[in-house]
Each structure stands twice: as C-alpha cells, then as structure tokens.
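Chemist: Here is what each chain is made of, one letter per residue.
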Amino acid sequence: MIPLQHVIALSAALFLIGLVGAVVRRNLIVILMSIELMLNAVNLALVGFSRAQAQLTGQIFVFMVIAVAAAEVAVGLGILISLFRNRDSVNVEDVSLLKW
Amino acid sequence: MTTSLLFFYFFAAVALISALGMVLNTRNTVAAAMCLVATMLSLAGVYLLLDAYLIAAIQVLVYAGAIVVLFVFVVMLLNLRSDAFPPSRQVLSKALAVVLGGYVMWRFLKLLPGMLPPEKPIPAGFGGYEAVAIELFTRWVLPFEVTSFLLLAAIVGAVVLAKRRLD
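The listed protein sequences correspond, in order, to chains A and B.
Note that my numbering has the first sequence beginning at 140, numbered continuously upward.
Note that my numbering has the second sequence beginning at 2, numbered continuously upward.
Be aware that one or more of the hints could be misleading.
Said to hold, decoys possible - The calculated label-pair distances, taken between Cβ atoms and stated as ranges, are:
(1) B:Ala98 <-> A:Arg224: 27 to 35 Å
(2) A:Asp233 <-> B:Pro119: 46 to 54 Å
(3) A:Met140 <-> B:Leu78: 40 to 48 Å
(4) B:Gly126 <-> A:Val204: 19 to 27 Å
(5) A:Thr196 <-> B:Val31: 35 to 43 Å
(6) A:Asp227 <-> B:Thr3: 53 to 61 Å
Said to hold, decoys possible - Straight-line C-alpha distance at most 30 Å; calculated DSSO-like pairs for lysine-lysine:
(7) B:Lys111 <-> B:Lys121
(8) B:Lys121 <-> A:Lys238
(9) B:Lys95 <-> B:Lys121
(10) B:Lys111 <-> A:Lys238
Think of the hints as simulated: they come from the structure by calculation, not from any bench.
All values reported here derive from a predicted model rather than from experimental measurement.
Where is the CB? At the ideal position from N, CA and C, for every residue including glycine.
Next comes chain A alone, as it looks inside the complex (with noise of 0.2 Å):
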C-alpha cells in the first residue's frame, strides 16, 4: 500500500520540475516537453486521488488529459515547425513579438 502523500509529494516535485523548466529554458521544444511533464504530474495525482477515494472519475479524467496532451504536442509542433520556416531559429527570444 503505497500513501497518498508520497503520491502527491511526486507528483508536486514533478510539475515543479515541468515548471521551472518552462519558465527557465529557451528552446521551444523542450518547452513543449516540460509542458507535457506537468501535465503527466497532474495526471499522477488524479489516479492516486482516484485510488484512495475509490472512484474511477480521476482514471476516466486522465484519459482525457492524455488526449488534450496529444492534440497539443500536435498543434505545438506544427506552430513550432511554421516558426522554424519563417524564423530559422526555435529560440523564444526570437519570437518575443507579443511579450511586453
């Protein structure tokens, strides 16, 4: 029997991780990828919440997470792929237009 505590520590270090990820590095595409780490931390914490309320809501809500996972990778690698044919480059300080 594994606590939900553990679980959660987990999954909060993860998206943490995702987080500063994001946040910190300047290539797009390991950006998109911290984006996808938070969003596996969340889905960590929604089936160890399911297991230690007993209902399989949690499960059924990550399935939809891992499909608006996978509609995003595909749309941001398509915006990312554009990009790099206009701009020659994935850093995101070349694409600051809209950055105040």
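Given the structure of chain A, go ahead and fit chain B onto it with the hints provided.
Modeler: Structure of chain B alone, referenced to chain A:
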C-alpha cells in the same frame, strides 16, 4: 517496507532524475527527449502500483510511443545546432524562478500531511479495462465523444499549420 513501496521509490527516483535530466540538459535535444521517455515509462510503473492498469498501458502507448516519437521526429527534421542558443542574459530572473519554485515546494511538502482525506479500500477489479470501460461508456460517454471533436480539430490545425502555403 513492502515490495510495492520499494518499487514505488525506485520508479519515483527514476522519474525525478530523468525529469531533471530533461530540464538541465542544454546540449542535446534528442537526449532530453530520451529522458522524457524514461520519465513516462517510470510513471507507467507508478500507475501499475496504484492499481491503474489501463492508464499504465495507455501511458506507454500514447506518451512513450506516440508523443515522444513526434518530438524526436521534429528535432531530427529541424536538425538543430547546439550553438543556436547563446548564453542567456537573464540569469538573475531565472535563478529567482528556481529559488521561488523550491520555496513553494518546501511550503507545500510541510503542509501536505494534514490536508489529505483518509483513504478508502478499493473494490476488486478497480482500474482494470472492464471497470474503466463501464464507467467511461455509461456515465462519461458525452465527454468521450466530445474528445473526438477535439482530436479532429487538432488534426486539421496541425495540417494547416505545417502546410507550406495555403491555396
């Protein structure tokens, strides 16, 4: 300490180390993608230990199988050079991000033990394909169908974005 707890710590350690490897690796993007694969696979192991068998299988198929392959495909397609990223000028704000993140994590871990509800015993067959399928196709069938529209929109969007020129 039981065997499952031992396995949980092993998978958790692998997931954390490879996640750190993904974020800290600034040289090789393909290596970062491989670290992401290791994280996804060890998370699938954690799902197995948490009685989410179907989710574990889907994790391996969709994340480690499809999503990371897409990442590696794009990295190799773009043929990125390692000198494309000159040293950053905003070292201070990034260090601040790491320090603040660590502080929030520390506060969270201190608060965590008192916040969680008591755990309930799980019924037999919990998390197997039968139980999940019954739940998915009875109670949550409408969200499941809406997901197909989301995926369709994503497919069309990806094709339109990656196309060279719209006629």
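Chemist: Confirm or reject each hint.
Modeler: These are the hints, each one checked on the structure:
{"no.": "1", "hint": "B:Ala98 <-> A:Arg224: 27 to 35 Å", "in the structure": "31 Å, holds"}
{"no.": "2", "hint": "A:Asp233 <-> B:Pro119: 46 to 54 Å", "in the structure": "52 Å, holds"}
{"no.": "3", "hint": "A:Met140 <-> B:Leu78: 40 to 48 Å", "in the structure": "46 Å, holds"}
{"no.": "4", "hint": "B:Gly126 <-> A:Val204: 19 to 27 Å", "in the structure": "23 Å, holds"}
{"no.": "5", "hint": "A:Thr196 <-> B:Val31: 35 to 43 Å", "in the structure": "38 Å, holds"}
{"no.": "6", "hint": "A:Asp227 <-> B:Thr3: 53 to 61 Å", "in the structure": "54 Å, holds"}
{"no.": "7", "hint": "B:Lys111 <-> B:Lys121", "in the structure": "24 Å, holds"}
{"no.": "8", "hint": "B:Lys121 <-> A:Lys238", "in the structure": "48 Å, violated"}
{"no.": "9", "hint": "B:Lys95 <-> B:Lys121", "in the structure": "42 Å, violated"}
{"no.": "10", "hint": "B:Lys111 <-> A:Lys238", "in the structure": "36 Å, violated"}
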